[in-house]
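The residues making up each chain are set out below.
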Amino acid sequence: MAEQKEHQNGIPRIGFYICHCGSNIASIIDVEDVRKYVATLPGVVVSRDYKYMCSDPGQELIAQDIREHKLERLVVSACSPNLHEETFRNAAAKGGLNSFYFQMVNIREHASWVHEDKAAATRKAKDLARAAVYRVRFHQALEKRKVPVDPNVLVVGGGIAGIHAALTLANAGKKVTLVEREATIGGHMALFDKTFPTMDCAACILTPKMSAVKSHPNITLWTYSEVEKVEGYVGNYKVSVKRKPRYVNEDLCVGCMACIDACVFKEPKFPDKFNQGLGKRKPVYIDFPQATPKVVLIDPATCIQMKTGKCKKSCADACDRKAFDFNQQPELKEIQVGTIVLATGFKTYDAKRDALYGYGRYPGVFTALEIERLVNASGPTLGDVVLRDGRHPKAVGIIHCVGSRDEKTNKWCSRVCCMYSLKLAHLIKEHSGAEVYNFYIDMRTPGKGYEEFYDKLLAEGVHFIRGRVAEVTDWAMTPEEQGKLVLRVEDTLAGFVRRIPVDMVVLATGMEAQADAGEVRHKFNIGCGSEGFFQERHPKLAPVNTFTDGIFIAGACQGPRDIPDTVAQAGAAAAEALVLIDAGHVELEPNTAHVVEEECCGCKSCVPLCPYSAITLDEAKKKAVINEVLCKGCGTCVAACPSGSIRQNLFEDDEIFSEIEGVLAQ
Amino acid sequence: MSAKPQVAFYWCASCGGCEEAVVDLAEDILKVVEAVDIVLWPVAMDFKKADIEARPDKSITVAFINGAVRTSEQEEWARLLRRKSQVVVSFGACANMGGIPALANQFRREDLLKYIYEDGPGVDNPAKTRPQASSQDEGRTLSLPELRNVVRSLDQVIDVEFYLPGCPPTPKLIMAAVQALLSGQLPPKGTVLSPDHALCEECARKDSKPVDLALAAFKRPHQIQIDPEKCLLAQGLVCMGPATRAGCEAVCPAGNMPCTGCFGPSSRVKDQGAKFISSVFSNIVPKEAKEIDAVLDGVPDPIGTFYRYGLSKCILRRKLN
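Line order of the protein sequences matches chains A and B. Going by my numbering, the residue at position 515 of the first sequence is 515; the numbering climbs one at a time, nothing skipped. Going by my numbering, the residue at position 121 of the second sequence is 121; the numbering climbs one at a time, nothing skipped.
What the hints contain is simulated information worked out from the structure, not anything from laboratory work. Here a beta-carbon is modelled for each residue, glycine too, at the ideal position from N, C-alpha and C. Hints are supplied without guarantee of correctness; some may be wrong.
No farther apart than 27 Å at their CA atoms in a straight line, the calculated lysine-lysine pairs in the DSSO-like style are these [said to hold, decoys possible]:
1. A:244 - A:347
2. A:623 - B:230
3. B:287 - A:229
4. A:622 - B:270
5. A:242 - A:266
6. A:313 - A:244
7. B:230 - A:622
8. A:621 - B:230
9. A:632 - B:49
10. A:411 - A:448
11. B:270 - A:632
12. A:266 - A:280
13. A:118 - A:144
14. A:266 - A:294
15. B:290 - A:408
16. B:270 - A:623
17. A:523 - B:287
Pair by pair, the computed Cβ-Cβ distance ranges are [what the hints assert, rightly or not]:
18. B:53 - A:143: 37 to 47 Å
19. A:516 - B:317: 41 to 51 Å
20. A:119 - B:317: 27 to 37 Å
21. B:145 - A:40: 41 to 51 Å
Take a look, some chain A residues computed to stay more than 12 Å from chain B by CB distance [as the list claims (entries may be wrong)]:
22. 23
23. 55
24. 113
25. 124
26. 126
27. 214
28. 301
29. 360
30. 598
31. 599
32. 604
33. 606
34. 607
35. 616
36. 622
37. 629
Please take these sequences and the hints and turn them into a complete structure.
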């Protein structure tokens with residue numbers, strides 16, 4: 001159905017279209033009533049309703065009307081512009097109209113889906129349509145800008161996510177720089193002995209990929225390095241990377257480890273961070289034998305030469321490649337990339353925060369990550385599950401959801417703890433023969449082969465007690481509890497409170513955002529959720545994109561996830577980067593701000609406010625200048641310019657004020 | 001009838017400063033008097049309303065009207081002069097934007113009258129007598145102008161050709177305007193007869209304004225020793241310069257006092273106070289509500305500070321109840 005009328009003097013000829021969206025809109029909003037009403041508004045020469053405006057015939061209708069009725073402006077009332085703004089812009093272009101002579105009205109998410117009162121919803125749809133009709137008169141013809149995309153990629157974080165993303169991109173022929181802040185890549189996965197549910201040896205599947213990264217001609221690997229600064233925009237990022245000093249020349253060291261043997265400290269003396277402090281290392285060390293790159297480094301906090309300058313430096317003497325350089329300084333490197341994949345991972349919950357579980361107080365209480373090292377054949381005990389005093393545990397209790405699903409600490413489920421607790425239960429039993437008790441709230445095993453793994457554990461004779469442990473205590477109430485750690489728990493299946501004495505308690509700590517995630521997200525100008533994990537652009541449809549174009553996220557920096565999901569996401573992030581690289585250029589929305597030079601007084605008010613650092617002061621002219629490629633059109637400077645000398649495309653004052661007037665008019 | 005252009009000056013709700021500004025032309029005023037016939041100037045000469053009413057419509061070449069409009073009498077005069085004049089120049093901050101009188105728009109008329117005639121500390125009025133628009137005295141009917149609900153700028157009452165900004169307009173701008181009017185070389189209707197950029201452009205302190213003001217506290221002029229060369233905003237003073245139209249040659253900052261915004265905003269800005277708030281308060285250091293409040297405490301009278309001259313032109317017009 002359609003209303004048509006003759007041209008009115010002075011006002012551009014406007015075409016109005018209202019979509020039924022099947023019954024999504026039409027079941028609540030009287031679209032015919034809206035159509036008839038809008039036809040009476042000044043400037044509107046065509047007013048139509050149609051079942052699906054976004055369909056090919058719907059778009060063709062628009063294009064045809066533009067030609068036939070010489071339409072100069074276009075308003076479509078339909079769904080969210082997020083979904084179909086581009087569709088109707090294209091329809092406008094197809095009809096020969098500049099795409100930006102168009103305004104979209106969202107009457108689905110903003111009206112039909114959120115209202116039940118049909119009359120009121122219809123009234124609202126009319127108000128919103130009127131606002132757009134008033135506004136669109138003032139629209140101007142705009143063009144999208146194209147900027148080239150630098151094909152080089154930066155991957156931040158050398159865990160399995162970063163490794164997989166880097167390899168995928170490098171295999172596609174792209175030059176990748178992989179930056180990792182620790183001395184070796186591998187991340188958390190390098191700490192694990194086995195991976196659930198297949199019980200693959202973690203090292204066996206990870207280390208080949210680590211070596212591949214090191215030897216790949218397309219990958220530059222910078223470990224012990226951190227991103228300092230990121231400037232630029234999609235396709236053209238300038239990144240400064242700080243390379244921390246190892247005091248060993250990375251190009252000369254071959255990882256023979258003769259220096260470690262030669263160190264003046266005859267025995268390893270200092271807590272070994274890689275082994276969660278369960279083992280000892282010397283001031284010159286390498287994290288583990290397959291560390292990549294296989295290069296030693298010096299810990300300046302414990303090295304006598306670094307601390308006092310008075311050591312015989314037997315390590316350096318032992319090095320026949322003369323790789324030692326005690327005066328090495330941090331180095332700042334600058335690289336140009338077009339896209340960035342952030343795979344900065346997670347940290348585990350600090351078990352000390354749950355004081356009643358006694359971590360740090362009872363030597364028999366361990367974190368899951370410590371147990372990962374204890375059961376690991378290349379760990380500090382070579383796979384022997386022993387307590388801190390050297391005894392072998394006869395009974396072990398694993399407490400699930402420590403720092404997860406807890407109102408007091410972290411509300412979210414960490415997704416991996418049930419499965420890794422099952423894995424550890426199996427490994428502990430296998431390595432030590434101990435009785436193993438799992439204390440869980442709910443058993444969550446959603447994944448391929450996961451439930452089957454749980455079934456297997458049930459058959460293996462591991463005990464499962466459904467209940468949240470109240471307390472770990474060494475206060476014995478019976479002779480059997482003497483010298484034991486007792487877990488007090490309400491067994492919610494049996495319906496009574498139990499006391500289970502064990503020798504070893506394992507806390508299945510949850511996953512949290514990295515301590516410096518907030519800093520990192522500011523550096524890369526992306527968002528994060530309230531729990532600190534990086535924010536994806538859309539939880540379902542753009543899970544690895546961020547709100548900053550050209551920056552992608554993969555792995556546990558976006559939220560707790562296991563290895564298969566992490567790898568899948570890393571591949572997706574690499575693919576998204578490849579999309580931009582292979583397209584060769586990006587189109588930028590023209591909704592940018594610009595300074596009207598002759599009006600600007602150079603007061604600089606706008607300069608510090610730009611969240612994208614797009615504004616600079618031209619020192620010669622004493623005027624502010626906006627780099628339109630950097631501008632995201634947030635409007636901050638436009639609102640803040642005290643003399644009104646900054647204007648923004650699509651958000652001109654007359655557009656906004658007429659829209660307000662339109663929505664308020666009767 | 002004289003061949004010279006006929007000029008009228010009139011004042012509505014004003015302090016008389018705008019009249020002073022005309023006198024301030026000093027010897028230049030003689031040139032003006034020579035070139036024109038003054039047909040109305042209540043501050044200096046004796047004319048009656050009937051004289052103006054008797055004139056033919058459009059017979060006055062230009063009427064300069066200062067002051068805000070807040071009484072029925074001022075409305076009548078404004079309309080009368082509009083009818084009789086070819087060009088009306090809105091003269092000074094009060095006529096342009098309501099000025100100081102418009103600060104009354106923060107209150108309801110009833111509250112104002114009650115305070116002034118009943119509750120004020122200096123009031124002795126047990127009978128609670130208030131001025132009446134019409135009253136009887138010994139058989140005669142007496143009338144007084146009525147106080148309107150809202151204080152308006154001149155252009156909210158009558159159509160205006162040009163604006164001369166300032167509290168008061170500077171002699172230089174007045175002379176330039178008079179010369180433009182006499183020469184007939186008129187800018188487009190609605191023009192403010194002053195440069196259309198921010199005051200900072202003319203301010204000698206401009207270069208000392210830092211890129212990031214990073215304001216941690218606001219100070220009032222009496223609270224600090226003001227550096228005579230450094231940007232006043234950078235010293236924590238509320239200087240309205242960035243949100244105020246140029247043209248005065250930064251007389252206040254040159255006199256070591258911050259700009260209070262009397263020239264009004266540039267032509268691109270609808271609401272000077274809102275614009276200033278949006279600009280300067282984006283540049284304060286604290287990000288937490290409580291700390292922000294502490295900074296805001298440094299501006300004890302925000303409306304009187306940011307809307308000292310502009311409350312009639314504020315998007316939020318007045319207090320309703």
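Check your understanding: Taking each numbered hint in turn, which are not upheld by the structure, reported in ascending numerical order?
Key -> 5, 9, 13, 18, 30, 31, 32, 33, 34, 35 and 36
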